[in-house]
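Enquirer: Assemble chain Z onto chain A, guided by the hints.
Given next are the chains, with one letter for each unit.
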Amino acid sequence: AQKVTQAQTEISVVEKEDVTLDCVYETRDTTYYLFWYKQPPSGELVFLIRRNSFDEQNEISGRYSWNFQKSTSSFNFTITASQVVDSAVYFCALRNTGFQKLVFGTGTRLLVSP
Amino acid sequence: DTGVSQNPRHKITKRGQNVTFRCDPISEHNRLYWYRQTLGQGPEFLTYFQNEAQLEKSRLLSDRFSAERPKGSFSTLEIQRTEQGDSAMYLCASSPPGGIDTQYFGPGTRLTVL
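So the protein lines, in turn, are chains A and Z.
For the first sequence, the working numbering gives the first residue as 1187, with consecutive numbering after it.
For the second sequence, the working numbering gives the first residue as 2, with consecutive numbering after it.
Simulated from the structure, these hints should not be mistaken for lab results.
Do not take every clue at face value.
Stated by the list, open to error - Partner residues are not named here, just some residues of chain A that face chain Z (Cβ under 7 Å, in silico):
1. Gly-1229
2. Glu-1230
3. Leu-1231
4. Arg-1236
5. Phe-1277
6. Gln-1286
7. Lys-1287
8. Phe-1290
9. Gly-1291
10. Thr-1292
11. Gly-1293
Said to hold, decoys possible - Here are some, though not all, of the chain Z residues that point toward chain A, as calculated from beta-carbon distances under 10 Å:
12. Gly-4
13. Tyr-34
14. Gly-41
15. Gly-43
16. Phe-46
17. Thr-48
18. Leu-56
19. Ser-59
20. Leu-92
21. Gln-104
22. Phe-106
23. Pro-108
Glycine residues also receive a C-beta, built at the ideal position from the N, C-alpha and C atoms.
The following block holds chain A by itself, in its conformation from the complex (with noise of 0.2 Å):
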């Protein structure tokens, strides 16, 4: 069975402060693909990561960082020094190879006022 779990249902924050998504899964493979995606209020999804689970190495873009640790089945995104233009939802996907079909968690949204 695959599941993506996202505990915090929204966060809040002021500009400039840093803050940190989580996300932990459950699978029985051992391959796999881990995904984050934005979803800004005009809805469209913005695909912002893609993580294989051969891959534990941490990844710096700009102000986001993702750490991924399989000991724990987790694959969390920090934004740091947080903008207003950050608020949307955000979505932790997991992919099974051998399978297409994207298993999304139900999202955090972050609200970032100034």
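Expert: Just chain Z now, kept in the frame of chain A:
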């Protein structure tokens, strides 16, 4: 680079009517996906095409739902005898051939069934 496009963006219909949505994938993407997203939830997988072949279908895709991709380019999703529970955002995504299979999403079609 043109992204995934979906038409119409909004559709309001009465219960019992049939509706059809169209998705045009990114040029040269041979894989196409349909998802459904209800309020406050993550997208749920409906079906997947590789070229014109429908290779995966979710149990969510009841007999009233049918998807086609006749020439391996655009796709249509038809819902017959709509029910109020069909009200949702219908998202289309595409991904390129080969190993890099990140799914890129369109803006969605919001369906409201009265």
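Enquirer: Against each hint, give a clear statement of whether it holds in the structure.
Expert: For each hint, the structure was consulted:
no., hint, result
1, Gly-1229, "holds, 6 Å"
2, Glu-1230, "holds, 5 Å"
3, Leu-1231, "holds, 4 Å"
4, Arg-1236, "holds, 5 Å"
5, Phe-1277, "holds, 5 Å"
6, Gln-1286, "holds, 4 Å"
7, Lys-1287, "holds, 4 Å"
8, Phe-1290, "holds, 3 Å"
9, Gly-1291, "holds, 6 Å"
10, Thr-1292, "holds, 5 Å"
11, Gly-1293, "holds, 5 Å"
12, Gly-4, "holds, 8 Å"
13, Tyr-34, "holds, 7 Å"
14, Gly-41, "holds, 7 Å"
15, Gly-43, "holds, 3 Å"
16, Phe-46, "holds, 4 Å"
17, Thr-48, "holds, 9 Å"
18, Leu-56, "holds, 7 Å"
19, Ser-59, "holds, 7 Å"
20, Leu-92, "holds, 7 Å"
21, Gln-104, "holds, 6 Å"
22, Phe-106, "holds, 4 Å"
23, Pro-108, "holds, 5 Å"
Of the numbered hints stated above, none is contradicted by the structure.
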